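Chain A is already provided as a structure; the job is to place chain B on it using the hints.
There are 2 protein chains.
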Amino acid sequence: MEHQTEISQLGEFGLIDRLTKDLPKINSSTVKAVGDDAAVLSYPDSEVLVSSDMLIEGIHFDLTYMPLKHLGYKAAVVNFSDIYAMNGTPRQITVSLGVSARFTVEHLDALYSGIRLACEIYGVDLVGGDTTASRSGLVVSITCIGDAAKDAVVGRDGAKDTDLICVSGDLGSAYMGLQLLEREKVASAGQKDFIPKFEGKEYLVERQLKPEARKDIIAKLKEEDIKPTSMIDISDGLSSELLHICKSSHTGCRIYEDRIPIDYQTAVMAEELGMNLVTAALNGGEDYELLFTVPLHCHEKVEKMEGIKVIGHITKEDLGCAMITRDGTELPLKAQGFNHLS
Amino acid sequence: MEHQTEISQLGEFGLIDRLTKDLPKINSSTVKAVGDDAAVLSYPDSEVLVSSDMLIEGIHFDLTYMPLKHLGYKAAVVNFSDIYAMNGTPRQITVSLGVSARFTVEHLDALYSGIRLACEIYGVDLVGGDTTASRSGLVVSITCIGDAAKDAVVGRDGAKDTDLICVSGDLGSAYMGLQLLEREKVASAGQKDFIPKFEGKEYLVERQLKPEARKDIIAKLKEEDIKPTSMIDISDGLSSELLHICKSSHTGCRIYEDRIPIDYQTAVMAEELGMNLVTAALNGGEDYELLFTVPLHCHEKVEKMEGIKVIGHITKEDLGCAMITRDGTELPLKAQGFNHLS
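Heads up: the protein sequence lines correspond to chains A and B, in order. Note that the numbering used here has the first sequence beginning at 0, numbered continuously upward. Note that the numbering used here has the second sequence beginning at 0, numbered continuously upward.
Just to be clear, a hint being listed does not mean it is correct.
A pair holds if it fits inside one copy or across any two, identical chains being indistinguishable in the list.
Said to hold, decoys possible - Cross-link-like lysine-lysine pairs, in silico, DSBU-like; alpha carbons within 35 Å at most:
(1) LYS159 <-> LYS20
(2) LYS226 <-> LYS196
(3) LYS20 <-> LYS196
(4) LYS191 <-> LYS149
(5) LYS191 <-> LYS308
(6) LYS191 <-> LYS24
(7) LYS24 <-> LYS226
(8) LYS219 <-> LYS246
(9) LYS191 <-> LYS68
(10) LYS303 <-> LYS219
(11) LYS196 <-> LYS221
(12) LYS24 <-> LYS333
(13) LYS246 <-> LYS333
(14) LYS24 <-> LYS221
The hints are simulated quantities; they were obtained by calculation from the structure and are not laboratory data. These numbers were taken from a predicted model, which means no experiment stands behind them.
Here chain A stands alone, though its shape is the one from the complex (with noise of 0.2 Å):
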């Protein structure tokens, strides 16, 4: 970047304005956005969704390389996935920040400019959000606003018993992008000119920097008018997502092994490295993939769709949810996955 403008010089409703300036308004109800204390919205005839995410620097992001735009990209996308797996479809976002001394205009720009790319690709009105200063980096939190028709929201409180527990696209890819992101800024560090080796793992990199929402999966599913049971978006890994929903259908489940997506790319990384690929499937965070379930009567339509892969079954609860694995043997599933909390 050549021209840095100190976020002082323009003072705060001087960047609000820089920053919002020429958004389009893609939905009708979005009556009135960014400009006022609070956005309008009009939905007539259906259910309205509500989604938040808090992205903290140092916790959530490296900016040593996750570019700007790409984190603006990731966390609108992140908040999109969530009204998807209600089977929703995202309107609006508020977007807040927490800006430190350190980041510039044209930071905010490059992290707007990824938000706004995000909001033209998925259809999606950016209406409002706050931005003020912060002591230590860079705080994002979002919040998404979306509608589904009456009836048409799933949550995760719906799977039954023989329901088919499905996967759409592959699993810990965007887990291993982040070793691998990981293990190149060690290597670089205090070197001058250094490349990084992403060669022959460009896949894993973009799934870890420009994961996308499944809004295709949603449209697939409502063609083959297939309403799933219960649905949820693999945001903290599929180990303990699965748990959600059965904790919330009161169901067990048993998924296979060797049904797991996995993805050429993730497989080499792990050998790589020495990690144990399953694990890295079941508890990697941020594959933003969808899992859900049907009744067992729409099992020729999933198995014949693109892109979804079906991985086992829900049970009765008091079975409880397990793996079983490629010799056979049942693994009890464990929530270990992807707390930033703990």
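Below, chain B without anything else, positioned relative to chain A:
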């Protein structure tokens, strides 16, 4: 506090369970609250309002004199205030927390007890959010969702030439409360058993530590069948907010120094500190009073309303924004306000 529990003992989900258990559902628009990817709200025939605010330790609050329960109460109330300022009713909030290692579960219980109390008093449902680790200090980010009848929403942009400018309550007291608390903090440094001197200034302390949103004023205006032409809540100081209204409405304004409502304790404190009283009332932040404009024909009605003062009138844009001092001088209004970014 006697028993202290490390947050890591509960983990993220245990903590959320604890913080959100037994939440009442006050509003029929709250279909589903905490415990899924997103809350589900339903608004059949009204406008939906959304407002977000972020409070950061060391910037917006000092835990030396701000008890956590008060902080929670205040963080919720300032968001409610934004929804009232649109002539709406707050219905739901989501709470995102960033928490550093020095905070225990009991600390968060105290914070949440204040949030819950505010929700109870104002009739708002807590429907979700996010709790995560932070590297330094506490971050509280709240988003409030509210509603208003169709065509009831009042923005900043509807003020017209000759409209009367009104404010609720009194101004500058929260700012003077902050000065008092800071003074006593400095005086107490290094002293054991220090007793701060708040006698005769309890109102100032309360205005800073436990502000209220003017739900009552919104109700009174409705009773009197007055719909303001524009409205805003005073969080950054009268001067700054009035400039917002005039800018959005393409108008100017004249307010009268001798009509600005100031409490006796505020005046005493300004005297003690050798500060300009009117500057404090114009630019001191966090009053959370309502500033609004009404058509001239409402003059008799608003003059009679308790807790509301007419302080001036709206003019054509080319006349600019100014205060008429006691000696008849015109002073241009400036937004030097309460700017956390400057």
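Against the structure, the hints:
| no. | hint | result |
| --- | --- | --- |
| 1 | LYS159 <-> LYS20 | between (48 Å within a copy, 25 Å between copies) |
| 2 | LYS226 <-> LYS196 | neither (43 Å within a copy, 64 Å between copies) |
| 3 | LYS20 <-> LYS196 | neither (39 Å within a copy, 48 Å between copies) |
| 4 | LYS191 <-> LYS149 | neither (57 Å within a copy, 61 Å between copies) |
| 5 | LYS191 <-> LYS308 | neither (44 Å within a copy, 65 Å between copies) |
| 6 | LYS191 <-> LYS24 | neither (45 Å within a copy, 58 Å between copies) |
| 7 | LYS24 <-> LYS226 | both (30 Å within a copy, 27 Å between copies) |
| 8 | LYS219 <-> LYS246 | within (27 Å within a copy, 47 Å between copies) |
| 9 | LYS191 <-> LYS68 | within (24 Å within a copy, 50 Å between copies) |
| 10 | LYS303 <-> LYS219 | within (11 Å within a copy, 61 Å between copies) |
| 11 | LYS196 <-> LYS221 | neither (41 Å within a copy, 66 Å between copies) |
| 12 | LYS24 <-> LYS333 | between (44 Å within a copy, 32 Å between copies) |
| 13 | LYS246 <-> LYS333 | within (12 Å within a copy, 57 Å between copies) |
| 14 | LYS24 <-> LYS221 | both (25 Å within a copy, 31 Å between copies) |
In summary, the structure is inconsistent with hints 2, 3, 4, 5, 6, 11 from the numbered list given earlier, while agreeing with the others.
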